[in-house]
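Undergrad: Take a look at the letters that make up each chain.
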Amino acid sequence: AQKVTQAQTEISVVEKEDVTLDCVYETRDTTYYLFWYKQPPSGELVFLIRRNSFDEQNEISGRYSWNFQKSTSSFNFTITASQVVDSAVYFCALSEGTSGSRLTFGEGTQLTVNP
Amino acid sequence: DTGVSQNPRHKITKRGQNVTFRCDPISEHNRLYWYRQTLGQGPEFLTYFQNEAQLEKSRLLSDRFSAERPKGSFSTLEIQRTEQGDSAMYLCASSTPLGTSGHNEQFFGPGTRLTVL
Chain D
1 AQKVTQAQTE ISVVEKEDVT LDCVYETRDT TYYLFWYKQP PSGELVFLIR RNSFDEQNEI
61 SGRYSWNFQK STSSFNFTIT ASQVVDSAVY FCALSEGTSG SRLTFGEGTQ LTVNP
Chain Z
1 DTGVSQNPRH KITKRGQNVT FRCDPISEHN RLYWYRQTLG QGPEFLTYFQ NEAQLEKSRL
61 LSDRFSAERP KGSFSTLEIQ RTEQGDSAMY LCASSTPLGT SGHNEQFFGP GTRLTVL
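As you go down the protein sequences, you meet chains D and Z in turn. Counting from 1, one number per residue, gives the positions in the first sequence under this note's numbering. Counting from 1, one number per residue, gives the positions in the second sequence under this note's numbering.
No lab work stands behind these hints: they were computed from the structure. It is possible that some hints are incorrect.
[Unchecked claim] Stretches of chain Z that chain D covers, calculated by requiring three or more beta carbons in the stretch to come under 8 Å of a beta carbon on chain D: (1) 15 to 22; (2) 66 to 77; (3) 83 to 89.
[What the hints assert, rightly or not] Sample of chain D residues at the chain Z side, in silico, Cβ under 10 Å: (4) A7; (5) T9; (6) Y25; (7) F35; (8) S42; (9) G43; (10) F47; (11) I49; (12) R102; (13) L103; (14) G106.
Glycine included, each C-beta is placed from N, C-alpha and C at the ideal position.
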């Protein structure tokens, strides 16, 4: 069975600090996909990134970067120079196989960036 | 393209009543998903459609829940004889057809918040 664990329930930082959100996953499949979504106070989930299990290259997009390590089953998300607008709940999610079906979400990490 | 839309945005009902929610996916997306999210938790998968076919249902989807996508476009989720435990945010998502990229990301609507009194 697939499972996603986000051990950090809440993180609070001061603006301009770097922050890393942890995600650990469990799956028996060799083909799987990992995702990060952002849920701001307005409530709508916003897609941030997708990674497949065969691509372990780290990715950087502006102030966002992702570190995928199959050896530790982790897919961590770092925000550099955080801003107040980054305040949101961030979810890591997993989907197994090539059929493209359910996403299994972690419980989310509430990030608060204080001015 | 305005993204995934859901109606109503809020629904308050009394226990025992039936409710129906609607989801309109992004127009070229052939896959449509329903999730439920309770306070402080991540979304939980309920069911998904490829075109008009319902391909997977979660064990969370009791026999009081039914979902349809009759013409492969919009979808409805009905809850019969609502219970207080059904209070949650019901999220709809859609995705493009699978191609060589394998598994495409899902785009979510704003959700319908259900409160059962």
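Undergrad: Work down the list of hints and note, for each, if the structure agrees.
TA: Evaluation of the provided hints:
1. Figure legend: the region 15 to 22 of chain Z, annotated as covered by chain D; annotation inconsistent (0 residues with Cβ-Cβ distances under 8 Å, at least 3 required).
2. Judged by the Cβ-Cβ criterion of 8 Å, the region 66 to 77 of chain Z is not covered by chain D as claimed, because only 0 of its residues qualify and three are needed.
3. With 1 residues having a Cβ less than 8 Å from any Cβ of chain D, the region 83 to 89 of chain Z misses the three-residue criterion, and the hint is violated.
4. The beta carbon of D/A7 is not positioned within 10 Å of any beta carbon in chain Z (closest approach about 13 Å), and the interface hint is therefore violated.
5. For D/T9, the suggested interface contact is upheld, since its CB lies about 9 Å from the closest CB of chain Z, less than 10 Å.
6. For D/Y25, the interface hint is violated, since its Cβ never comes within 10 Å of a Cβ in chain Z; the closest pair sits about 13 Å apart.
7. At a threshold of 10 Å, the smallest CB-CB gap from D/F35 to chain Z is about 6 Å, leaving the interface hint in force.
8. A hinted interface residue such as D/S42 counts as satisfied when its beta carbon comes closer than 10 Å to some beta carbon of chain Z; here the least separation is about 8 Å, so the hint holds.
9. The criterion of a C-beta within 10 Å of any C-beta in chain Z is met by D/G43, whose closest approach is roughly 6 Å, and the hint holds.
10. At a threshold of 10 Å, the smallest CB-CB gap from D/F47 to chain Z is about 5 Å, leaving the interface hint in force.
11. The closest approach between the C-beta of D/I49 and any C-beta of chain Z is roughly 8 Å, which is under the 10 Å cut-off, so the hint is satisfied.
12. For D/R102, the shortest C-beta to C-beta distance to chain Z is roughly 4 Å, which falls under 10 Å, so the interface hint holds.
13. A hinted interface residue such as D/L103 counts as satisfied when its beta carbon comes closer than 10 Å to some beta carbon of chain Z; here the least separation is about 6 Å, so the hint holds.
14. Against a cut-off of 10 Å between C-beta atoms, the interface hint on D/G106 holds, since the closest Cβ of chain Z lies about 6 Å away.
In the structure shown, a violation is registered for the earlier hints numbered 1, 2, 3, 4, 6, in ascending order.
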